[in-house]
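Q: For reference, the chains in residue letters:
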Amino acid sequence: MTNKKNKKNKNKVLKEEKKTSQLKEIWFRLKKNKLAVMGLIILLILILIAIFADLIVDYDNVVVKTNMPERLQPPSGKHWFGTDEFGRDILARIIHGSRVSLSIGVIVVAISVFFGCLLGGIAGYYGGMIDNVIMRIADIFLAIPAILLTITIVAALGIGMTNLLIALVIANIPGYTRLVRAVVLSVKDVEYVEAARAIGLRDGRIIFKHVIANCMAPILVNATMSIAGTILSAAGLSFIGLGIQPPNPEWGAMLSGGRQFLRVAPHMVIFPGIFIIIAVLMINFVGDGLRDALDPKLKD
Amino acid sequence: MYKYVIKRILLMIPILLGITLIVFFIMSLTPGDPGRMILGQGATQEAVDKLNDEFGFYDPLPLKFGNYIIDILKGDFGVSYRTQRPVFDDLMVRLPTTLKLVILSLLIGTIIGIPIGILSAVKQYSALDVFSTFFALLIASIPTFWLGFMLIILFSLNLEILPSTGLESWKGYIMPVGIMAIGQAASLIRLTRSSMLEVIRQDYIRTARAKGVYEKIIVFKHSLRNALIPIVTVVGMSFARGLGGTLIIEKVFAIQGVGTFMFDAIGTKDIPVVMAGVIFLAAIFSLCNLIVDLLYGYLDPRIKAQYSK
Numbered sequence: 001m002t003n004k005k006n007k008k009n010k011n012k013v014l015k016e017e018k019k020t021s022q023l024k025e026i027w028f029r030l031k032k033n034k035l036a037v038m039g040l041i042i043l044l045i046l047i048l049i050a051i052f053a054d055l056i057v058d059y060d061n062v063v064v065k066t067n068m069p070e071r072l073q074p075p076s077g078k079h080w081f082g083t084d085e086f087g088r089d090i091l092a093r094i095i096h097g098s099r100v101s102l103s104i105g106v107i108v109v110a111i112s113v114f115f116g117c118l119l120g121g122i123a124g125y126y127g128g129m130i131d132n133v134i135m136r137i138a139d140i141f142l143a144i145p146a147i148l149l150t151i152t153i154v155a156a157l158g159i160g161m162t163n164l165l166i167a168l169v170i171a172n173i174p175g176y177t178r179l180v181r182a183v184v185l186s187v188k189d190v191e192y193v194e195a196a197r198a199i200g201l202r203d204g205r206i207i208f209k210h211v212i213a214n215c216m217a218p219i220l221v222n223a224t225m226s227i228a229g230t231i232l233s234a235a236g237l238s239f240i241g242l243g244i245q246p247p248n249p250e251w252g253a254m255l256s257g258g259r260q261f262l263r264v265a266p267h268m269v270i271f272p273g274i275f276i277i278i279a280v281l282m283i284n285f286v287g288d289g290l291r292d293a294l295d296p297k298l299k300d
Numbered sequence: 001m002y003k004y005v006i007k008r009i010l011l012m013i014p015i016l017l018g019i020t021l022i023v024f025f026i027m028s029l030t031p032g033d034p035g036r037m038i039l040g041q042g043a044t045q046e047a048v049d050k051l052n053d054e055f056g057f058y059d060p061l062p063l064k065f066g067n068y069i070i071d072i073l074k075g076d077f078g079v080s081y082r083t084q085r086p087v088f089d090d091l092m093v094r095l096p097t098t099l100k101l102v103i104l105s106l107l108i109g110t111i112i113g114i115p116i117g118i119l120s121a122v123k124q125y126s127a128l129d130v131f132s133t134f135f136a137l138l139i140a141s142i143p144t145f146w147l148g149f150m151l152i153i154l155f156s157l158n159l160e161i162l163p164s165t166g167l168e169s170w171k172g173y174i175m176p177v178g179i180m181a182i183g184q185a186a187s188l189i190r191l192t193r194s195s196m197l198e199v200i201r202q203d204y205i206r207t208a209r210a211k212g213v214y215e216k217i218i219v220f221k222h223s224l225r226n227a228l229i230p231i232v233t234v235v236g237m238s239f240a241r242g243l244g245g246t247l248i249i250e251k252v253f254a255i256q257g258v259g260t261f262m263f264d265a266i267g268t269k270d271i272p273v274v275m276a277g278v279i280f281l282a283a284i285f286s287l288c289n290l291i292v293d294l295l296y297g298y299l300d301p302r303i304k305a306q307y308s309k
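Heads up: the sequence lines are chains A and B, in that order.
Going by the working numbering, the first sequence wraps up at 300, each residue one higher than the last.
Going by the working numbering, the second sequence wraps up at 309, each residue one higher than the last.
Calculated from the structure, these hints are not laboratory results.
Idealized CB from N, CA, C, for every residue including glycine.
Please note that the accuracy of each hint is not assured.
Footprint (simulated), chain B over chain A, 3 or more residues, beta carbon under 8 Å [to be verified]:
(1) 119–130
(2) 155–168
(3) 263–271
Here are the computed distance ranges between Cβ atoms for each label pair [claimed, not checked]:
(4) B:A210 to A:I26: 32 to 42 Å
(5) A:M38 to B:I174: 33 to 43 Å
(6) A:M129 to B:G212: 47 to 57 Å
(7) A:P247 to B:L61: 36 to 46 Å
(8) B:P14 to A:G128: 18 to 28 Å
Pulled out of the complex, with its shape left as it was, chain A reads as follows (with noise of 0.2 Å):
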């Protein structure tokens, strides 16, 4: 009996051994790539600016309220980055604008990344004729360049913050379909898949927690560079008048509201354009980063 259980903690030590070591692994590698790690720090220098926007500016006095007196000013001590048509402090709005630049990119991935694994591994788990349904209907959609489809479904159901978000979904889900049917195939079929399917485990469990969980890399990868993409989308779409309508701050929408005013107030586009920039460049850096870490070929 005691060396039954000594037999069960032995192997639990194993385990997590080996679990933590993989991890630690992966960290060591990301951690030797200086531009990744530069990465990693502004982007949380980033992240907690937009979770303590409240703190730092106050939303209703300083960033939607007009102050015309103060209109269009260039940047000053006052105003760092300047002043916009309404008198609004620049910097304030980019602080509070990056709540909704940078949750867009997360959501949109993230809502893309489950649909994509769900779809995908039920149509690489069973082939067949449900594989053949969900591919065609996919191809079909990868046929329409992601920028169209986009506009298309912002066109129909109206122009709004949430609408854009459920475009971007759409449009980004049959790529994710894609790309997780492909990597499923890749290991449904080797010795751990087996096994869990003799002990009789159901299918749905199969699916997430030994395949899908095992191609975790590429998806990975693919969803952080992915974020950058869709940030850049979303202003693009913001700066066509189909995303944020002012006087909402998010970084594209303020570009867009800037251009009329580009001779006598440049800093209305540079600011707002250099955070968007920086954004999406510390995430690639990562992206770059995770993906030569995670690539087993470049293990030494």
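Dock chain B against chain A, hints included.
A: Chain B alone, transformed into the frame defined by chain A:
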């Protein structure tokens, strides 16, 4: 080989039908009816109903879709709600502008991007490689419309040497095409580099090197030919990126292309215009994919062999 070509061409039919179906279905979710859109809020319900009837607005959805397809095959994309003009005619006036921008920038981007990508892979970790990959990632992180604004501030407002809107003279092309070409070059650098690197690590390259083949021959004959297959795909995909990108660039520089046409239509809920624009661009994109696939068959002896039996 011709079997492969025919098979690919036939496959276009369900894809185009599918695209039309999806766009049609999505657009049918739009609230409102054409009669009210055309006649305005002041019109009587009777007049609106009559017009809706003419449009077949009250027909069941499948019948509407069937009629739409038949009309499209006749080259009739309906009438704009706003201007009452045939959508197809207006689209045809604007399409060349958009395509010119996309093709020009893709051409320039390819000429810049692919050689740099190859060099960057061959001399991995050299100064050129580090610089070009960083540059490519930076460019990929900049919203195109923001870059457009910055160049307008610099070249149109401060230096006053380039026009900030329109394409009346050749000077008007410089900024829009330049911005899109840089974007294309950046993505091509990244993709060419990674597909070259993949090939360079293969055993047959090591073998070639081991038996003393000249480095030049290894790069151009052994590596590039094999890397070309994914690169062709990537150039095809860049076309789609270009299509998307030009829509936004048109808006920045107030260019009268398909993009501005569609965005104006979205604002006024001019559904036939939006639908025609999307279907048309998606069809061009699919055609481009078809060409890529055919090139694939030509470049990849494995595909050729499959179909030559």
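Q: Work down the list of hints and note, for each, if the structure agrees.
A: Going down the list of hints, with the structure as the test:
1. Coverage of the region 119–130 of chain A by chain B is violated [criterion: at least 3 residues with CB-CB distance below 8 Å; count 0].
2. Look at the region 155–168 of chain A against chain B: 5 of its residues bring a Cβ nearer than 8 Å to a Cβ of that chain, three or more, so the hint holds.
3. Closer than 8 Å: that is the beta-carbon criterion, and the region 263–271 of chain A has 4 residues meeting it against chain B, so the requirement of 3 holds.
4. One distance hint, 32 to 42 Å for the beta-carbon pair B:A210 and A:I26, holds here, with the actual separation near 34 Å.
5. Checked against the hint of 33 to 43 Å, the C-beta distance between A:M38 and B:I174 comes to roughly 35 Å, which is consistent with it.
6. Between A:M129 and B:G212 the Cβ separation comes to about 54 Å, which falls inside the hinted range of 47 to 57 Å.
7. Restraint check, A:P247 to B:L61: a C-beta distance of roughly 39 Å satisfies the suggested window 36 to 46 Å.
8. At about 20 Å, the CB distance of B:P14 to A:G128 agrees with the hint of 18 to 28 Å.
Violated hint: 1 only; the structure is consistent with all others.
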